[in-house]
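**Q** Based on the provided sequences and hints, a complete structural model is requested.
These protein sequences, in sequence, are chains W and L. To convert, note that position 169 of the first sequence is 218 in this note's numbering; the numbers rise steadily by one, no gaps. To convert, note that position 81 of the second sequence is 83 in this note's numbering; the numbers rise steadily by one, no gaps.
It cannot be assumed that every hint is accurate.
[To be verified] On the chain L side, residues computed to face chain W include the following (Cβ under 8 Å):
(1) Y36
(2) S67
(3) R68
(4) L71
(5) L132
(6) G141
(7) P143
(8) A161
(9) L162
(10) A164
(11) S168
(12) L171
These aren't lab readings, by the way, just hints derived from the structure by calculation. This one's a predicted model, so the numbers in the text were calculated from it and none came from an experiment. Using N, Cα and C, we set each Cβ at its ideal position, and we do this for glycine too.
What follows is the residue order along each chain.
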Amino acid sequence: MRWRPILLAPLLAALLTLLWAAQPASAHEVRPAFLEIDQTGPAAYSVTWKQPTMGDVGIHLVPHLSNGWLERPPSDQYAAAGFLIKTWKIAGAGPAPLDGQTVRIEGLEDTITDVFVRLNLSNSQKLDTVIRPEAPSLKIGFVDGSAMSAAGFVLLGIQHILTGPDHLLFVLGLLLLVRDRWMLLKTVSAFTLAHSLTLAAASFGLISLPLPLLNALIALSILFLAPEILRAQQGGTSLTIRQPWIVAFAFGLLHGMGFASGLTSLGLTGTALLTPLVLFNVGVEIGQLAFIALVLGMRRSFRLMAIGWPKPVALGPTYAIGILGAMWAFQYGVLLFGPGA
Amino acid sequence: MRRRFTATAMAIAALLAPGLAQAHLVVTGMGPIYDGVTHFALSPEDSLPVVALAFYAGLRGPGSSRLLLAVLPSAWFVGGLLACLSGVALPPTALPLATAVVFLAMGGLLASDLTLSTPYHAVAAIAVGLVRGAADLGGAPAEAGSLLDLAGMCVAAFALFALAVSVTLPLKRFWMIVAARVAGSWVAAAGLLLAGWILRFGAKVQ
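**A** Next up, the structure:
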């Protein structure tokens, strides 16, 4: 067991890295600002800007749109608890007035907060993104889904799941919960079936949830798994531990609606959506299976190397799942129910 | 227990919330780490020596594999950190030469299946980690993003090493061991070709 302290070294280094990287965040405004542009008519738009304030003092953030809409005086401006809200009503806009335009947030580079940007156009095109201090401007661009190849949709699905730590953490949680191969197959199949159902339903517009609520629920699904894994590791039992496929199915329904956002932003509708939907889902499954193979491969490797992890290290992934799930739930809870919501 | 876990997780999450990630649909908050993983995955000069060293460690047994699994990513991190903090980058002419030497050494080690004592395995892993870490982070600004990039590379090196070790660790049949050693000869050959190219064309190689 002389090698145990040596194995701890990279883990400590990773922890220190994260702590060091997180350090600048203390004692500053961290609540995100929000910019939403909705198309309310053929040539009419509504722009809402919401920025956090502390008492009467707000951090210096000014949104700019390169077509000049936000240089006009706002149609309405008022202070809600903890937030300053401005709205602009734009009428008589030309065709595609937002294509290729740039959103710039003046002062963002001097802060540590983010700006959520949401665009809803009447032709079902949506854009949900974030502007960060290190790159305080964003060029608006909608991907033309009809111009994408079959491989493009598959790659989009793969990319969507592999760059989504929330979905990956949930799958990791399931893998930590499941004990045998048969249950693994059942659980992964249940998750796949559930998220495929809601991916299709959400893509065709049959079901929908407000994005912050959906994200909060997905975060809660991750948080829910962590204590269950801990309980299983300590020899306890529960319905989740005995039948993890039920949880995988139930929460898979939520995650599928999350996957749908990757597809609906392409602006495809009706029958034109069918093939991309299938290909996108294939991509999601490929990405998911690759991740599962990676985790199982690592687990096999640790077994072959006869690594007996010290208890704090063995519990690390479970705590990571719990902490990140709680953190995301906390953030979206603030967004949903916090001051000014 | 469950209540205590939830309370602990919520408390730590509330402390970390200002600086770290957001959920998928809005932002991952993990960009630099993903960049580091991607950089590693798309750089054969990073991944091939790791595979060769892992195959070799697997042939030497679980003890050596465990040691190198810890030493290699740590050395990578230290090499990258030193390069990042010092602001010193390897000269462009030295980079391909370092790559060639690392390919030759790791490929040669695997191909020859040399019996060395465990500390020498660690020395080899430290050398590879330091050189590649320094090569990857040389010239990068000393800021959080670079460090997260480096963390991503180290995680990728750890994962690839673990996966590659599991290929050779259970090998018992002679022909399978020979096949693994042949893979080492290919890595060494790539290093030899690179070295020959450098001798022939000098610094034009990259």
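**Q** Would the hint on L/L171 be counted as holding, given a Cβ-Cβ threshold of 8 Å to chain W?
**A** holds, 5 Å
**Q** Tell me if the interface restraint on L/A164 is satisfied: Cβ within less than 8 Å of some Cβ in chain W.
**A** The hint holds - L/A164 has a Cβ within 8 Å of chain W, the shortest such distance being about 4 Å.
**Q** Tell me if L/P143 is really an interface residue toward chain W, meaning its C-beta lies closer than 8 Å to one of theirs.
**A** Hint violated; L/P143 Cβ to chain W Cβ min 12 Å, cut 8 Å.
**Q** Hint L/L162 vs chain W: min CB-CB distance below 8 Å?
**A** With Cβ-Cβ at 10 Å, over 8 Å, it is violated.
**Q** Does L/R68 meet its interface restraint, that is, does its C-beta lie within less than 8 Å of any C-beta in chain W?
**A** Hint holds; L/R68 Cβ to chain W Cβ min 5 Å, cut 8 Å.
**Q** Under the criterion of a CB-CB separation shorter than 8 Å, is L/L132 in contact with chain W as hinted?
**A** With Cβ-Cβ at 14 Å, over 8 Å, it is violated.
**Q** For the hint on L/S168, just tell me whether its beta-carbon gets within less than 8 Å of chain W.
**A** holds, 4 Å
**Q** Was the hint right that L/Y36 lines chain W, CB cutoff 8 Å?
**A** holds, 6 Å
**Q** Going by Cβ atoms only, is L/G141 closer than 8 Å to chain W?
**A** Since the shortest Cβ distance to chain W is 19 Å, the answer is violated.
**Q** Can the hint on L/L71 be confirmed by a CB-to-CB distance to chain W that is less than 8 Å?
**A** holds, 7 Å
**Q** For the hint on L/A161, just tell me whether its beta-carbon gets within less than 8 Å of chain W.
**A** With a closest approach of 6 Å, the L/A161 hint holds.
**Q** Is the interface hint satisfied for L/S67? The criterion is a beta-carbon contact with chain W at less than 8 Å.
**A** holds, 5 Å
Checked against the numbered hints given earlier, the structure breaks hints 5, 6, 7 and 9 and satisfies all the rest.
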